[in-house]
Amino acid sequence: MTIGPIAGVLLANGLVLAVAGALVARGLAVRDRGAFLGGTGIAAFAGFLRFAEYDHDLTRKALAFVVVGIAFVAAAWLYERRPAREAAHAA
Amino acid sequence: MSFTVPVAFRRTLARELPSWRADGLVGETASLALTARYGLNRLAEPDDRWVARTFALLGAVAIGAGVLSFVAAHWGQLDALARFAIVATTAIAAYAAGLVLRGRGNTACAEAALVAGSLAFGGAIALGAQEFNASLELWQVYALWGAGLVPLAFVLRSVPVGTVALAAGAASVPLHVGSFGHEMPFIHFAIASALAAVLARRFGLLWYRELALALAAVGVFIVLFGESTNAASAAIAGVAALALAAGAARSAVVAVGATVIAFLAALPATYWFAYNAGWQAEHDVRLGAAGVALLVAIAVAVWHVRRRDVLPLAPPAAALGASSCCRIW
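Protein chains in written order, with this note's numbering: chain W, 1 to 91; chain C, 1001 to 1329.
Read the hints as simulated data drawn from the structure, not as lab findings.
Predicted, not measured: the structure shown is a model, and the values here were computed from it.
Any given hint could turn out to be false.
Simulated restraints on C-beta separations [stated by the list, open to error]: (1) C:L1081 <-> W:R31: 22 to 30 Å; (2) W:R50 <-> C:A1033: 23 to 31 Å; (3) C:T1012 <-> W:D57: 52 to 60 Å.
Below, a sample of chain C positions facing chain W; criterion: calculated Cβ distance under 7 Å [as the list claims (entries may be wrong)]: (4) A1056; (5) G1066; (6) Q1077; (7) A1080; (8) L1081.
We put the CB at the ideal spot given by N, CA and C, even for glycine.
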């Protein structure tokens, strides 16, 4: 079977990101730090490669980075508050 | 309460302590003291603070990259004062926020802010060199950046700041090797290794050594990726073979390096797809890299299957499978 180069790009990147997502999900589910860090590392490295590779407007790339960064910080903030909420429920 | 010894050590101690008591090696008093000292009765409690820390750090790095990209996009429209104001204000504000948040006990966000400040510090070095026409090469910027962060990481005892220092130092060595007219910089490499050892000793973390190896592998990759020659493919093959040979010896340290190199060997396949139509030259490089990626993927597959851990096989297999579909080679 032969597919076009664009489909190949999407397929390869999609598969890499799917594995990264699966590793993160498994890491969170069973508290496996290695799987979690491996998944985030793969996703971050793939993101860096795409940033360096594609010739898009730099302002648009900057906006995407800031949005993703705010989402990550918000996730960290919510996750850090979670034990306190759970402790309050348990009490 | 936090412990400076690895969790693996505490688990081993908790497993061995009952038999030590039964054999009379330690008395009840010593056993209770060890249990209290290393928190052996609290090992079952879940410790997932690393999740929040990782998310916060990734967020800080992404926001920092976004700010840097935005500034770079409008660099030509800014005067020198505005450039310094942006970079210096970002660094000072990030450090201040980190110290305030650390004082309030918000560890994850504090470390993220300190990392953002450390990244801005690197930007300030590059900006200073540019504005004052200092003839610094790129590797010198990275070396100054890493060396400058070591005292801060040492004083703050901040593992993330130390990691930024280590990454900058690790990047400076291969950049030095790759710069024009330079021999292998053994003295530079020795200084970078000594500073990394100082940080590793200060932090007392065993995994820091593994991280240093992984970052060194990334540094090697950066150099090799920029070299479109058969020598680059041969070098990747050599490094991968060495790492896998050591990994087969069941060394946990090099096993991490072998996995990282396996991913790095597979990822260029996704990068090269975009140039599939227009890139006709360097066909032999692609063939060599494809062969290396295939060998690494097979070796890692055998290794992981023997350990019954198949998930890490997927990225190399996915990249190679997609490559075959496109008939790029």
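Inset, instruction - Report holds or violated for the interface hint on L1081 of chain C, using the least CB-CB distance to chain W and a cut-off of 7 Å. - result: The hint is violated - L1081 of chain C has no Cβ within 7 Å of chain W, the shortest such distance being about 22 Å.
Legend entry - Whether the CB-CB distance between R50 of chain W and A1033 of chain C falls inside 23 to 31 Å: Violated: the Cβ-Cβ distance is about 54 Å, outside 23 to 31 Å.
Inset, instruction - Could you check if A1056 of chain C really has its C-beta closer than 7 Å to a C-beta on chain W? - result: holds, 4 Å
Inset, instruction - Take the C-beta atom of T1012 of chain C and the C-beta atom of D57 of chain W, compute their distance, and say whether it sits inside 52 to 60 Å. - result: Check passed, 54 Å falls within 52 to 60 Å.
Legend entry - Beta-carbon spacing of L1081 of chain C to R31 of chain W - inside the hinted bounds 22 to 30 Å or not: Hint violated: Cβ distance 49 Å, outside 22 to 30 Å.
Inset, instruction - Have a go at the G1066 of chain C hint: is there a Cβ in chain W nearer than 7 Å to its own Cβ? - result: Status holds, d = 3 Å.
Legend entry - Per-residue hint verdict: A1080 of chain C, partner chain W, C-beta under 7 Å: Status violated, d = 21 Å.
Legend entry - Cut-off 7 Å, beta-carbon criterion: hint that Q1077 of chain C touches chain W: violated, 12 Å
This entry does not satisfy hints 1, 2, 6, 7, 8, going by the numbered hints stated previously.
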